[in-house]
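Participant: Each chain is listed here by its residues.
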Amino acid sequence: MPLRLLKYALSREHPAPRFFRACEKPKDSYDVVIIGGGGHGLAAAYYLAKDHGITNVAVLERGYIGGGNTGRNTTIVRSNYLTPEGVNFYNASVKLFEDLSQDLNLNLFYSTRGHFTLAHTESAMRTMRWRAEVNKHVGVESYVVGPDEISKACPQLDISCSGQAPIHGALYHAPGSVARHDAVAWGYARGADQRGVEIYQNTEVTGIDVQGGKVRGVHTSRGYIATNKVLSAVAGFTPRVCKMVDVQTPIVIQPLQACVSEPMKPWLDTILVSGSLHVYVSQSSRGELVMGSSLDPYEVHSTRSSLDFVEGLTSHILDMFPFLSNIKIVRQWAGMADITPDFAPIMGKTPVDGFYLDAGWGTWGFKATPISGKSMAETIANDKAPELIHSFRLSRFEEYELTGEKGAASVGH
Amino acid sequence: MKLLKCPVNGVRPLSEFVFGGEVREMPDPNTCSDQEWAGYVHHRNGAPGMKKEWWYHGPSGTWFIAERDTMRDEVARTYLYGQEDKQ
Ligand SMILES: Cc1cc2nc3c(=O)[nH]c(=O)nc-3n(C[C@H](O)[C@H](O)[C@H](O)COP(=O)(O)OP(=O)(O)OC[C@H]3O[C@@H](n4cnc5c(N)ncnc54)[C@H](O)[C@@H]3O)c2cc1C
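Chains as they are written, first to last, in our numbering: chain A, 1 to 413; chain B, 1 to 87.
Honestly, I wouldn't trust all of these hints.
Claimed, not checked - Computed list of lysine-lysine pairs in BS3-like fashion (alpha-carbon distance at most 27 Å, straight line):
1. A:LYS27 x A:LYS214
2. A:LYS243 x B:LYS51
3. B:LYS51 x B:LYS2
4. A:LYS243 x B:LYS86
5. A:LYS243 x A:LYS27
6. A:LYS229 x A:LYS384
7. A:LYS265 x A:LYS328
8. B:LYS2 x A:LYS328
9. B:LYS52 x B:LYS86
Said to hold, decoys possible - Take a look, some chain B residues computed to stay more than 10 Å from chain A by CB distance:
10. PRO27
11. ASP28
12. THR78
13. GLN83
Quick caveat, the hints were computed from the structure, so don't treat them as lab data.
We treat Cβ as the ideally placed atom computed from N, Cα and C, and that holds for glycine.
Starting from the given sequences, assemble the full structure and let the hints guide the process.
Facilitator: Written as structure tokens, this is what we have:
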């Protein structure tokens, strides 16, 4: 069997398919230029072509596609947020995710596991009840459960957390899922490419040409490209790109780290999150435990990871699962999270005509990839943001209309 | 373990410190426009660079300033507010 597999892999009759054309050189101009080949930029390109017939589009990526936060996240998809506008928005994304493997004709390993947000204090329980009510109201399946139901779903969990922080209950969210993040980027890239979009890797935008308050083009490491519409979907690089057009935002960059254990036989088929212990954990289809924590405590523009992080995280994981004490951590990494003060994204138009922003995705943007791509495509095509993302506009800060999402978004995932 | 030098207590582990954000000039609330004030309240200079930042040493309750390169995470120097020239 392995030999046959090897022969197949080396056979000339079955070459590995390319996902998108390797375009030689960018054209002199495009209708739309998208900065950033992460999930968000590629999804926007896909929906521009698919929903709006706009195909004269280039996606410019300074590294390789999906190499930013898209390929670094812990892939939790959920919609159990706190504000009605947040729940509605993320719920629309979950709906798109559920059919996405079909749409993109690619197995995204989208796996609905159920998601428990553990509460270790009475005040945390209060927030869980509040979120459950808001979710129910919007039609999302979330409800509060007690320790018995948690034990039933995950018998390995020490409900007393080694006596450190006994669990009072949890918010259970049935649609909670995980997916294969690279496949999301590659699937959108292939779909966009098939519809005529051009994707350029190793192509960095170094400046944006603005004249009379309007976008005229972009300077890149491979020359000047004329365009009237630019979408910035660069996550951790947002402050740098916004500086090119003098657009002010509240975004600060803080690293968010994650790690995986060595692979084990499947034992954890649900997603567990603890705000008090600052951990979230799920088991990947390869058997590794995928684990993350909260943000690093101060601004840094780099993707270096630290020993402090694994030490802190694993000690809390051991509170929950003492039997993991001889399991090894095999990889750790960091991404640059673009954090907003109200833990909600910044999407839509900006004071510069033709400069559209999709940013502020912080620690929570993977789950929003489909809906943000769709919403940004609509914003660019109509030069007007749809109602769904109105609360996420950049001008909300000047208008003192911040969203109140902190309670549901501040544990990074 | 990362280290930071408190101007009063010397070099200490980073876990004893709290980050207080970039040092920013407050516009005069009596004379500035609403837009300027909203910008001061919400917006930040998020681009990387050598920045002057507030840091707090928890055990001794000392606020001080660090000049730090936010790209490389390297601190050039630290001093108490107003004592920049004495260093
Ligand atoms: C450790 C970690 C765990 C996370 N866990 C979750 C989770 O469980 N669930 C969840 O929903 N979210 C999670 N997130 C958040 C999520 O990963 C991000 O919000 C999301 O992936 C952002 O996607 P994006 O396409 O906007 O950005 P990215 O994938 O970062 O893509 C931006 C791209 O822009 C490129 N770029 C930047 N500047 C330029 C330039 N000048 N020219 C050309 N290209 C440029 C970059 O190279 C990069 O590839 C996590 C993040 C991290 C770091």
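Participant: Confirm or reject each hint.
Facilitator: To see whether the hints hold, each was checked on the structure:
1. A:LYS27 x A:LYS214: 21 Å, holds
2. A:LYS243 x B:LYS51: Within the cut-off at roughly 16 Å; holds.
3. B:LYS51 x B:LYS2: It holds: about 19 Å lies between the C-alpha atoms, which stays within 27 Å.
4. A:LYS243 x B:LYS86: 34 Å, violated
5. A:LYS243 x A:LYS27: Holds, because 25 Å separates the two Cα atoms, which is no more than 27 Å.
6. A:LYS229 x A:LYS384: Since the Cα atoms of LYS229 of chain A and LYS384 of chain A sit roughly 13 Å apart, the hinted pair holds (cutoff 27 Å).
7. A:LYS265 x A:LYS328: OK: LYS265 of chain A and LYS328 of chain A at ~14 Å, within 27 Å.
8. B:LYS2 x A:LYS328: 24 Å, holds
9. B:LYS52 x B:LYS86: 16 Å, holds
10. PRO27: 14 Å, holds
11. ASP28: 19 Å, holds
12. THR78: 14 Å, holds
13. GLN83: GLN83 of chain B clear of chain A: closest Cβ-Cβ about 22 Å, beyond 10 Å.
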